[in-house]
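K.L.:
Now for the letters of each chain:
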Amino acid sequence: MLRIGSGAGFAGDRLEPAVLLAEQGKLDYLVLECLAERTIALAQRRKLENPALGYDALLEKRMELLLPILKKNRVRLVTNMGAANPVAAAEKIIEIARRQGLSIKVAAVTGDDVLEKLHPEQRTLESNEPLSSYGPLISANAYIGAAALLPALETGADIIVAGRVADPSLFLAPMMHHYGWSWEEKDKLAQGTVIGHLLECAGQITGGYFADPGKKEVAGLAELGFPFADIDHDGTAVISKIEGTGGVIHLGTVKEQLLYEVTNPYAYLTPDISADFSTVSLRELSPNRVKVSGGVGKEQPATLKVSVGYHAGFIGEGEISYGGCHALGRAQLAGEIIRERLAQRSFSEIRIDYIGCNSVHRTSFSHEGEPYEVRLRAAAKAASHEAAQQVGEEVEALYTNGPAGGGGARKYVHEVIGIVSVLMERGQVHTQVTIREC
Amino acid sequence: MKRKLYEIAHSRAGDKGNTLIVSVIPYQEEDYRLLCEKVTVEAVKQHLQGIVSGEIVRYELPNISALQFVCSQALLGGVTTSLGMDTHGKSLSYALLELEV
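Protein chains in written order, with the UniProt record's numbering: chain A, 1 to 438; chain B, 1 to 101.
The shape of chain B in the complex, shown without the other chains (with noise of 0.2 Å):
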């Protein structure tokens, strides 16, 4: 059965200039190995775009079992040129929960 990301992780969005970066963290570490097969580079591109609209690049972090996702061209530009609401691209670690995995 499928269920958004949301019920299993949580997650961190910041930014550098026009590059959103944003973690996934699930709340039990068993989780991760789940995590790193449903939430891939390709699945994070197809839910986000229209969002993103560069190159996506994931970091698996087994120590911590967290995932690391950097998504160039997010941000309409980076936070004091961009025209949008959340110039920061602060609210989309939820937009990436809602991930169906």
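Same shape as in the complex, but just chain A (with noise of 0.2 Å):
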């Protein structure tokens, strides 16, 4: 039996469920996934500013805490915390390590970073416009799979750190390597597609973004327990956590997440396989405790999908709170003054939602009273940081401008990194394992 702990969902996850993992989890392997398609524009970015960063920026405190674990313990560990940088990534592992007294091997994969091969005129699979339409691109990292991941897993390497990897890939390349499953057998890699699938978000499947008192309840939310697979030779597993940790495992929470994201549960595409979701079969076997089996896998994706990351310039916002008796009316008449202020000035796009009514789903299904307070949020997008800033200037002139009783102004700017994705034939796309050890 093959046993892969899921360590974290997202960049800005918990630590401490990783170091339970790690810990109590007797886990052959450690997955942590932490990069979504803006995080890794904008690693570019501080790649770009100095080159010896461009990884997870929690990479340092995560790996402090997990290296000395995962060294006692043999448990290896893969993640795609490299991001723009696998191998400034490796090195910096490297470093704590030698500070920590280990001797560690790490594996850095690298060859997603495909910014140099796109061509302009390139059509995105959004819009259908060419890229140069898009102005300066920041990034394009092409969505690597399991077949980069395994060298790195045949070197011996206790950590693998990549960047742009498919997110079930992390799961299914260990469960290849272990069990030796070959290309050709699609229903093993289409089943530890959706192993991988299901453990990707890690607490999402333990309870986590779940719970609706009185509806659905979720014991120990606070101390939320991350799930693992117990795998078996043919892919069937069984998906389960820490005994006395937080959260729960049932059916419940097992279809929402073999479901969230998936554009299309007959044919769920990543850089391995294309899995029919459809088939498979789900049963409950003791508490905390449910077998996944029957996914079936179909052809290999001929092509890699590239996310690009552009400029796409600032969003300007301003908040101010109303309260009390018609409290709604005075912060319409105040969105009213905001747009009528905001389209004198040129603004293309602008959004005014009243946080308390509508702002969520720009719209309300329940037609209940007027609420005690509502919060006046405007939004509109500018070309340059000056001009967004004009947003949150005029809803803090309100002040002593607009309607009585306003109260708690706040401003903000961002700059903006638009994502969009074209496709790229796999032969363009080479990957190459770089060794550190200590």
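Any given hint could turn out to be false.
Simulated crosslink set (DSS-like; lysine-lysine; CA at most 25 Å straight-line) [claimed, not checked]:
hint, chain 1, residue 1, chain 2, residue 2
1, B, LYS90, A, LYS305
2, B, LYS90, B, LYS38
3, B, LYS90, A, LYS215
4, A, LYS305, B, LYS16
5, A, LYS26, A, LYS291
6, B, LYS38, A, LYS215
7, B, LYS16, A, LYS298
8, A, LYS216, B, LYS4
9, B, LYS4, B, LYS90
10, A, LYS26, A, LYS61
11, B, LYS90, B, LYS16
12, A, LYS72, A, LYS61
13, A, LYS61, A, LYS47
14, A, LYS72, A, LYS117
15, B, LYS4, B, LYS38
16, A, LYS47, A, LYS117
17, B, LYS38, A, LYS411
18, A, LYS117, A, LYS305
19, A, LYS105, A, LYS72
20, B, LYS90, B, LYS45
21, B, LYS16, A, LYS215
22, A, LYS117, A, LYS61
23, A, LYS71, A, LYS61
24, A, LYS72, B, LYS38
25, A, LYS47, A, LYS71
26, A, LYS291, A, LYS216
27, B, LYS2, B, LYS38
28, B, LYS2, A, LYS291
29, B, LYS4, A, LYS215
30, A, LYS26, A, LYS105
31, B, LYS16, B, LYS45
32, B, LYS2, B, LYS45
33, A, LYS26, A, LYS72
The hints are simulated quantities; they were obtained by calculation from the structure and are not laboratory data.
Please read these numbers as outputs of a predicted model, since none were measured by experiment.
Hints in hand, dock the two standalone chains.
P.N.:
As structure tokens, this is what we get:
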């Protein structure tokens, strides 16, 4: 039996559950999935500013905690925390290991960075417009898969650190390596991909992002345990978590996660396989243990998806609160004033939300009475930081120029990195493994 | 008698670019057929008008008794460039559960 644990579902995830898994989980592998589409574009920029950076910002913290435990319990780590700079990440890990007096081997997987290989006339999947119409590009990273990780696993490295790897591939690669599955065993690859997809968001299968008090009860969310899977040679697996940790695993949590962000459950595409989720069977074996089987694989996609980050200007925001009698009416008057002021300055896209009424779903499905308090939010896009600042300034000016009783104005500006996708022939993407050890 | 989908099903929403992906999972597996009948593409399209402006595709998953709705042009441009509050559209699972069936 092979046991793989999932110690992070996104870059900002909690640190302790991974430590607990490594300490008590009797794992063979620990996987940390820490890279989103936007995260890698930001990492590319950090690398541009300093060639020694560009890896995940929490890498040092996670490694400081995990390295001694991984080493002691002989747990191998697979992660995409290399982000824009896996080799620098490997060097940082070695530096930490040296400081801790540990002897360790790290394999960095590179080659997902394909910015140089893009053609400006290539059309995006989102808009069918050429890349050249998106202005300056920041980054382009191909989703690489298990094929890129396998050579790194074969080096015997304790830690495999990569960049833009498809999330389920981080889990499938150790399964392929451990059981020697071939590329022809499509159902096993699909089933391994199902397991990877179930584990990749960590706490989202153990009761995180599930609770609804009175309806969907989950105990112990403050001490949520992260999942691990015991995977058989045919890919059948049991998802579980460490006894005594918070959260819950049952058919409800597993089904929600199985379908999470899946655009076609009959053909879930990764660099490794097109997996059919419609054939998957789920069975509750005992509390917090769900058996997953039956995933079926079709062909391997011919192309790899590439996420391209581009400069998309700035968003300026401003907020102010109104409370008590007629709060909504006063907030709406404030919204009209802001709209008129911003329209005069030729902001193309303006958004006014009344937080507490319609801001989250852009509408309201209930028709209950007026809220006691409403927070007005104005947002607009601008080409420059300076122009974006005007949004917040206009909201702040409501103090002395707007309706009665506004309070708590805040203003923000943030730079926008847009993401679009293109497809690239597999043959154009060449991955390498670089070893660092101490 | 009509009741909110919330009473009989749960849901999780996620995003891919400007596309909203949202599941509908009955608490009781025997309600799956009822949901297939009531939670149609047409019903969802009408319910989410003003939120989803593109095409909606429904996938039926009888093996796990669940439905999946894939709604394009639903997130004001998508996670990084949207001016909306919930740029991922993650909270929209509960918008769908407001549907009366």
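K.L.:
Failing hints, ascending?
P.N.:
Per hint list: 14, 17, 21, 22, 24, 25 and 28 violated.
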